[in-house]
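Let chain A serve as the given structure and place chain B on it in line with the hints.
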Amino acid sequence: MTTDTLAADARIDEKLGAVAFSGVSKRFPDGTLALADVDLDVRAGELVSIVGPSGCGKSTLLRLASGLSSCTGGSIDVEANNVGFVFQDATLLPWRTVRRNVELLMELAGVPSSERRRRGQEAIDTVGLGGTDGKFPRALSGGMKMRVSLARCLTMAPEVFLFDEPFGALDEITRQRMNEEVLRLFQEREFCGLFVTHSVSEAVFMSTRVVVMSGRPGRIVADIPIPFGQPRPPELRYTQEFAAVAGKVSAALREGHR
Amino acid sequence: MSGATGATSTVAPRSSVPAAAPELPATKPVRGRGIGRFLLTVILPPVIVFILAMGVWCVFTYVVLKPSRRFLLPPPQEVLTQGLLKWTSLHPMLTALALTAKAASLGFLIAVVLGSLLATLMCQARWLERSLFPYAVILQTIPILALVPLIGFTLGFDFRSRILICVMISIFPIITTVLFGMQSVDRGLHDLFTLQRVSRWTRLRKLMIPAALPSFFIGLRTSAGLSVIGAIVGDFYFLQGQPGIGALINSYSSQLQSDQLFAAVILCSLLGVVAFTVVGLLSRRVIGKWHESAMDHSRS
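Residue numbers (the working numbering), protein chains in the order written: chain A, 1 to 258; chain B, 1 to 300.
This is chain A alone, in the form it adopts within the complex (with noise of 0.2 Å):
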């Protein structure tokens, strides 16, 4: 693992960032199926959106990917020096200020206190939390935890990013601005992204493509390219194009659904 590639020479580390799933299972230990046989191709440059109903192993999907837990059939294979994380809940630890919390993952990976300083500080710029650096989580809202939260992902550049579900208890509004800013930095930087969600029009307006996902044991179903460029203005989501392919991704989740 090498830290030293930085934020914003990721992109000349060309195309690094790659996750293949293939024929992967999981049963837990209590002998629940959880994903039965799935295939999945994502490379850099890709910002893969998987939908399916609760309990369909989606989450399980970026636990495997991670390394948090292990497949019981078939192999994945992960093409990243860092993969970052980011979970349902912010995970900040309290007692940490926002700074802190930005520089932790360097904090463990050994990376000098200078350049924390300096890569924070960054991170903290991006994702637009400049003011906020000596405040307690506690004193921030919901949506200002979760840029806490990317920031600190962001600082290990990673050429992998898993997100489970990270917005899901965000009010919509920050919700959609959310969506736009990790969009924006998937633009800048062209990582290799998978998107864990349940809403239908978060999925499509982020990703360039949408993986459908069948109830336990969690398959694919469907795999919907999304056709829409970049960038994409946050109107996009309520034009009649987005519509159609968002009916689409809904009627394929219905069909899973059975």
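I should point out that these hints are in silico values taken from the structure, not numbers from a laboratory.
The model shown is predicted, which means the values in this text are computed figures rather than measured ones.
Quick reminder that beta carbons are idealized off the backbone N, C-alpha and C, glycines included.
Incorrect hints may have been included.
To be verified - Where chain A lies over chain B, by a calculated footprint (3+ residues, C-beta under 8 Å):
(1) 189 to 196
(2) 199 to 207
(3) 282 to 291
Below, chain B without anything else, positioned relative to chain A:
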């Protein structure tokens, strides 16, 4: 939905600073913090309770007790004049109290260090917790009285044994609260650390210990009070050497010196209050900035 369009379309894709600003939680209006307000809300309520308690005490002494038995509970003013304000009776009490306070603070320190270490050890592995925790519970429930001869013959009937009793009585809350605090660390936070492949030691130092601080301080408060009780109980049973305040209470009560008895009891409870307050201040200093339980709410 149309409202949403209006709001989001104002977000510039590059700089999100103005977009972030409205997400800040609204700050509460700052309330006045005059000295009058302080007297009314902080000082007055306990003073009222104090006056009521003194009233009940007097009623008990003058109405409930027959004059022939009034010596059992002398009225508050007599406890004050005969016990607390008379140097000849106050001086030995203070000397004894100092010794008890020494035993209490030593015992408390040992309990804190030992209890925290034990709890940290227990949360390292389920099997360790399973094998050690029952004995922590037994330590808590065992009648100390039964152990007095055993402890006395091993450590002697003096100061060291008083400290041991103090540790035995005050260690349990430390163990349980530290264990609880360390075990209730959010799973997401653990995942975050796991992803960075941190060592057990780093996880302990940067995640579990700070996370356990709020509940540790709750244990500390309980334990501080208990350590004073423990030291007094120790005084009762281990009478060799300089007497502690517990030994004085013992002799006052056997000689029916009620004025001195109640004066000594008041001094003991003051010691407990001091211990409790010191821990409270410490907790506010250490975790007050980030944890609700130790925050100065009059300022929020």
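Taking the hints in turn, this is what the structure says about them:
Figure legend: the stretch 189 to 196 of chain B, annotated as covered by chain A; annotation consistent (7 residues with Cβ-Cβ distances under 8 Å, at least 3 required). Residues of the stretch 199 to 207 of chain B with a Cβ under 8 Å from some Cβ of chain A number 3, which satisfies the need for three, so the listed coverage holds. Interface restraint, the stretch 282 to 291 of chain B with chain A: holds (4 residues with C-beta to C-beta distance below 8 Å; minimum three).
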